[in-house]
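Peer 1: Below, each chain spelled out in residue letters.
Number of protein chains: 6
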Amino acid sequence: MKHGARNDIPATVVAIKRGGVMAQVEAEIEGTRFRITSVMTLDSLNQLGIAEGDVVRVVAKAVNVLLVKP
Amino acid sequence: MKHGARNDIPATVVAIKRGGVMAQVEAEIEGTRFRITSVMTLDSLNQLGIAEGDVVRVVAKAVNVLLVKP
Amino acid sequence: MKHGARNDIPATVVAIKRGGVMAQVEAEIEGTRFRITSVMTLDSLNQLGIAEGDVVRVVAKAVNVLLVKP
Amino acid sequence: MKHGARNDIPATVVAIKRGGVMAQVEAEIEGTRFRITSVMTLDSLNQLGIAEGDVVRVVAKAVNVLLVKP
Amino acid sequence: MKHGARNDIPATVVAIKRGGVMAQVEAEIEGTRFRITSVMTLDSLNQLGIAEGDVVRVVAKAVNVLLVKP
Amino acid sequence: MKHGARNDIPATVVAIKRGGVMAQVEAEIEGTRFRITSVMTLDSLNQLGIAEGDVVRVVAKAVNVLLVKP
Chain A
1 MKHGARNDIP ATVVAIKRGG VMAQVEAEIE GTRFRITSVM TLDSLNQLGI
51 AEGDVVRVVA KAVNVLLVKP
Chain B
1 MKHGARNDIP ATVVAIKRGG VMAQVEAEIE GTRFRITSVM TLDSLNQLGI
51 AEGDVVRVVA KAVNVLLVKP
Chain C
1 MKHGARNDIP ATVVAIKRGG VMAQVEAEIE GTRFRITSVM TLDSLNQLGI
51 AEGDVVRVVA KAVNVLLVKP
Chain D
1 MKHGARNDIP ATVVAIKRGG VMAQVEAEIE GTRFRITSVM TLDSLNQLGI
51 AEGDVVRVVA KAVNVLLVKP
Chain E
1 MKHGARNDIP ATVVAIKRGG VMAQVEAEIE GTRFRITSVM TLDSLNQLGI
51 AEGDVVRVVA KAVNVLLVKP
Chain F
1 MKHGARNDIP ATVVAIKRGG VMAQVEAEIE GTRFRITSVM TLDSLNQLGI
51 AEGDVVRVVA KAVNVLLVKP
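Chains as they are written, first to last, in this note's numbering: chain A, 1 to 70; chain B, 1 to 70; chain C, 1 to 70; chain D, 1 to 70; chain E, 1 to 70; chain F, 1 to 70.
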């Protein structure tokens, strides 16, 4: 499978939080202490079927990435 | 300065590409070989004033991050 | 601090609503009656540490702004 | 017509820039000097049929609005 | 009314789910079994005033559409 | 492969347009005349390696789908 997004980084799921409609998943980028958070619908989380400790890929379209200069 | 986005990761600019309206910046996440690409307007790139080698912070709202299970 | 987004407007926080995972913040654009709403994770809201009456800046990437012609 | 976005603000088109695939439109929020920029495809710009001086409505989903605390 | 988004498809609302801050609406694309889900704030849902069986138009900016090659 | 997006629809690529930084792909939803447009970086298009006539899957996060009531 290939996708049309520039950003695709391996990470390990470290926390999952469920709300009424939305859910939040935190994952730690491979080989680092950096964490990335993804918010999706609870339905998508259930369909994805992930649990803490699972390896996932973090995907984002480049247009939705903002750069900040310190 | 604080912002309302969950994702904020340090990276070094490794490539910049300019188009007529848009521009593309690639940055390497600190301590890794992972690259993240950001697309912004050319005007924003000029205003940001970044060059290859600069350290930036990569920011993304959690709602725009997609998880993929291999 | 500079960021790579074209849109950056001062506004005053007028309402905050908290859900299980997400939170919603309404702010009024400086010198107007126009309101802008931002949705973020509850974690981001807590980290941002804003309250009603605070002045914030409203930032949005140009690609996520839609124009409508009446 | 009604839409499911929280943000809908009147503005006047002040500048249009065309690229090969994308186009950029700047508009000034009614009663202010604040400018908002929208990026869309050139095809969408042509279909929208706007010119400088036109009044438009600026629409954005709340999830794509980021708050920054100075 | 015209808008600056490339994607605009008729669909019928088949399910609505309400959370504390967010709401989720599922709609079936006209003439198909394909379903599209939209997440918006509960406030936007109430303002939109839609119910199951209503015909809506599904709009998305092209930059937020990802293509996947099987 | 599974992903955390609610929207995933099969479509056939009908047109590709390349710019300096960005590219635009139009695809027709299976069994319909409805077209969906995706904008990505030229780099992503090349990596994806799609051509007219190819079957792809159109993916979008539910938060980026806007409903309009006629």
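Each hint should be verified, as a subset may be incorrect.
Note that identical chains are pooled: a pair holds if it fits in a single copy or bridges any two copies.
Distance condition first, Cα-Cα at most 20 Å in a straight line; then the derived SDA-like pairs of lysine to any residue [unchecked claim]:
(1) K69 / G20
(2) K2 / G20
(3) K17 / G31
(4) K17 / M1
(5) K2 / V55
(6) K2 / G31
(7) K2 / T32
(8) K2 / L48
(9) K17 / R57
(10) K69 / V55
(11) K17 / V55
(12) K17 / R35
(13) K17 / I50
(14) K2 / R57
(15) K17 / A51
(16) K2 / R35
(17) K69 / D54
No wet-lab data here; the hints were simulated from the structure.
Peer 1: My question is about K2 and V55: at a cut-off of 20 Å on alpha-carbon distance, are they close within one copy, between copies, both, or neither?
Peer 2: both (18 Å within a copy, 12 Å between copies)
Peer 1: Checking an output row: K17 and M1, CA cutoff 20 Å. Within, between, both or neither?
Peer 2: neither (28 Å within a copy, 22 Å between copies)
Peer 1: Is it within a copy, between copies, both, or neither that the alpha carbon of K17 lies no farther than 20 Å from that of R57?
Peer 2: Answer is within: at 18 Å inside a copy they meet the 20 Å cutoff, but 26 Å across does not.
Peer 1: Reference check for the pair K69 and V55, CA-CA at most 20 Å: within, between, both, or neither?
Peer 2: Answer is between: at 7 Å across copies they meet the 20 Å cutoff, but 30 Å inside does not.
Peer 1: Given identical chains, is K17 near V55, meaning Cα to Cα at most 20 Å, within a copy, between copies, both, or neither?
Peer 2: Within one copy only: 17 Å inside, 30 Å across.
Peer 1: As a check of your reading, is K69 near D54 (CA-CA no more than 20 Å) within one copy, between copies, both or neither?
Peer 2: The answer is between: 9 Å across copies meets 20 Å, while 33 Å in one copy does not.
Peer 1: Evaluate K17 and G31 at a C-alpha cut-off of 20 Å and name the case that applies: within, between, both or neither.
Peer 2: neither (24 Å within a copy, 28 Å between copies)
Peer 1: When no copy is named, should K17 and I50 be tagged within, between, both, or neither for a Cα gap of at most 20 Å?
Peer 2: within (12 Å within a copy, 23 Å between copies)
Peer 1: As a check of your reading, is K17 near A51 (CA-CA no more than 20 Å) within one copy, between copies, both or neither?
Peer 2: Close inside one copy (11 Å), not across copies (24 Å); limit 20 Å.
Peer 1: First find the shortest C-alpha distance between K69 and G20 inside one copy, then the shortest across copies, and answer within, between, both or neither for a cut-off of 20 Å.
Peer 2: neither (36 Å within a copy, 23 Å between copies)
Peer 1: Quick one: K2 to R35, C-alpha cut-off 20 Å, is that within a copy, between copies, both, or neither?
Peer 2: between (24 Å within a copy, 17 Å between copies)
Peer 1: How would you classify K2 and T32 at a CA-CA limit of 20 Å: within, between, both, or neither?
Peer 2: Classified as neither; 25 Å inside a copy, 23 Å across copies.
Checked against the numbered hints above, the structure breaks hints 1, 2, 3, 4, 6 and 7 and satisfies the rest.
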